Amino acid sequence: MNALEGLTVLDFTSHIAGPFCTRLLAGMGARVIKVERPGGDTCRFLPPFKDDQPGPDRSALFHYLNADKESVVVDLRAEASRGVVSRLLALADVVVTASSPAQETALGIDYATLSAVKDVPVVSLTNFGHEGPYRDYTLSDTVLYAMGAEMYSHGLEDREPLKLGGTAALLQCGAMAAVAAMGAITAYEIQGIGQLVDVPLFDAQVNNTDRRNSAIMAWRFSGRIQRRAAGAGAGLAGGIYPVSDGFVEVTASAGNYWRRFVEMVNDDALRDPKWENPMTAMNPAAKEEADAIVYPWMLSHTRGEAWEAAREARAMLAPLYTGLDIWQDENFRSRGFWTEIEVPELGTLPMLGRPFILPDSPWRVDRAAPSPGQHTDQVLADAGFTTGEVSSLRAQGVVA
Amino acid sequence: MSTLPLEGIRICDFTAVWAGQTATMYLADMGAECIKVENPYIWNPMTRAASPRMNAALAQMLPPWIAGHPPEPGPRPWNNSSAFMHVMRNKKSFTVDSRRPEGLAVVKQLIRISDIVAENLALGTLDKLGLDDGTIQSIRPDAIILHMPAFGRTGEYIEGRGYGSHIDGVAGSTVLRGYRDTAPVDNANIFAGDYWGGMMGAFALMAALRHRRRTGRGQVIEMAQSESSAHMFPQAALDAAWNGRVHGSLGNRSVEGLVPNGVFPTNVADSWLVISCRNDEEWANLVAFMGRPAWALRPELATSSGRAAHEDEIEERIADWTATRDRESTFHELQRAGVTAGPVLNAAEAADDPHLASTGAWKRLPATEDYPEVDWLRPAYRFSVSDIDLREPPCLFGQHNDYVYREVLGLSEAEIDALAAAGHIATTYAPEALNG
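Heads up: the sequence lines are chains A and B, in that order.
With the working numbering applied, the first sequence closes on residue 400, and no number is skipped along the way.
With the working numbering applied, the second sequence closes on residue 836, and no number is skipped along the way.
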């Protein structure tokens, strides 16, 4: 049995953050009814595409975010859509939206309108929340990370700050919304509470455990601002090293991890007790001396060899993988990280599998993402519309 | 009626570092009673501070994110680390030496009345204590157990050791986040997977709780953090799997194809403004705002694909334009003109941001003996009914010993005295832990 079996999510989200939230709910077994705009979610037109050929059903990202969902195309700008939304709400246990406060109201999917129809939890992802001076401002993945997260201290001192790869900041906010949604679902199912759950993307990044919360607390406690580094850290062997076929990252902090690292490199000069003095770790000259031994060792090993040696010594070293490495790695495959989807006209394609293993209520990737409006007839029938009503709505362009 | 969704759920919490402690924090925020199991005889690395011997001089030599203690860290630096105190909110801390039989018995008593046992320690640590899954399930048959190993509990990499940065490496994060023109050797000390792992762990736990409500069954959750974190970069993994393409770093350019999408200098040193044109309309708005310079009016720049062919030039031109401008006013004016833009806020600027202040992002907590009165972050989301908030200050080491031993475990005075005499009950670490 899936963990969220029997739960229906009415999903008004598009692009990346909101759909990732509802994808997590779908992965745990919820029925997710995706209400799409005419023409389809903008994410359908985001790369990468199969064979680099764009098309509404060819985006790998869209399939990743929308597998196992049902698509109903509704033009929320049409007045007649209000009746459709009301009847879809009757099916729902939780609603997720990801529009600006102004759009929510204009489209009739704001909390006041929805809760007047049915008292369910409404998880509302917005850029900056429903109030405050930035309320109507827009965000991209990079602006989000710049304002919210600890981008300022990522990169090199004499250059511009750096973002994360891909669209990680947006996906992180989707994950945060999913955590909030689970809390809201629990309150609804156990305590009968319907409520607005406001998830500002900005706040989700300000709460980022990756150094942001820490850097703000550091400012408050010590008055020190976290800045970008001049270069790779000083001191004992640590940071990213080139090996013969790429790079590895090493932590060899004083104590056990230094001793295990020395065991791995197996060089007597590094066994000198002077290296165990914590002050050595602060000394750039010491790092140079250590690097003169460490670099040759690294460059005579491949990533795979270095990682194997590290595992044997219980040293803290791991390779830098590309997406291709993750796809080709035998261990990722044999553990079941990868699965497959069946896409009409494209055939069987690989898909990222479970992000975690719940053996008694497993993650699912059962169906590829839907085509726009693929489930319009079925969902509207479930919501109580007759075939005639659906035809009429189609003729008016309210649904498609 | 209670308004906290996880009221009545208890967590026996062995988590460490960031990912694990973040996961259980989200459940504590939602009302679970999260009891940290801490050992006065073992310094758990990167869990309460970078070092138990942190002092003013050492703190100054380390980066603020890991050692931003108050200027005088004092005798208990494990109670005032900028890096870790914030993941202790709404939790309770009690101490016990689980390696000794009477200590292990206490832990087992706690497990008997807990719904969740969570850990992200080095693989096998709980097993060595005598708390393997089978034992936990024999004590508490419907327990939900969360393991968060770096690389999995099965397979070739189980002996791999890793903190967040190593998990980021294997998850494909590190190679994607450098400058376009440098090797990734300077990309150290980013831990995107810690945030991600915390959220994913909390999500998985709440899903398992629902499953248990419906079936009565617990389960053993395995979340290999490297696998989980690879989900942060689906474009890179899927372009490889579908098309055989390898993604490297794009610098600050957009994988979504937004042009421009960059970080630009302003009239103050090290003060940066991000500008992203999310569509052609925003580009047209930007061009109008810049005063329609001739270079920007070339018809080939009107579409994103056209701009992509001239991205270097566009970035140089915009940087020339922003370099003489004030960051704050340009940010607000661009947003009002329909261009997505925002400042790169450093920690102090975020702490003083007017929007965060006006929307109630912070809550002031009173000083303790170990840290001063300051504003702390509340949870990222606001529930209109449920009181999901920063309700209880971050737990100090051993702060809830009385509560846990007396009220939760119901031990007698004599039992408590004996455990205290044997050193299990403490609010400071034993000398051997500090010198280890």
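Just so you know, these hints were derived from the structure itself, not from any lab.
Bear in mind that the values here come from a model prediction, so they are computed numbers and not experimental data.
Backbone N, C-alpha and C fix where the C-beta goes; we use that ideal spot for every residue, glycine too.
Some hints here could point you the wrong way.
[What the hints assert, rightly or not] If you want a taste of the chain B side facing chain A, the calculated C-beta under 7 Å gives, among others:
no., residue
1, His469
2, Asn652
3, Ser704
Consistency of the hints with the structure:
no., hint, verdict
1, His469, "holds, 6 Å"
2, Asn652, "holds, 5 Å"
3, Ser704, "violated, 11 Å"
In terms of the numbered hints stated before, the structure departs from hint 3 and from no other.
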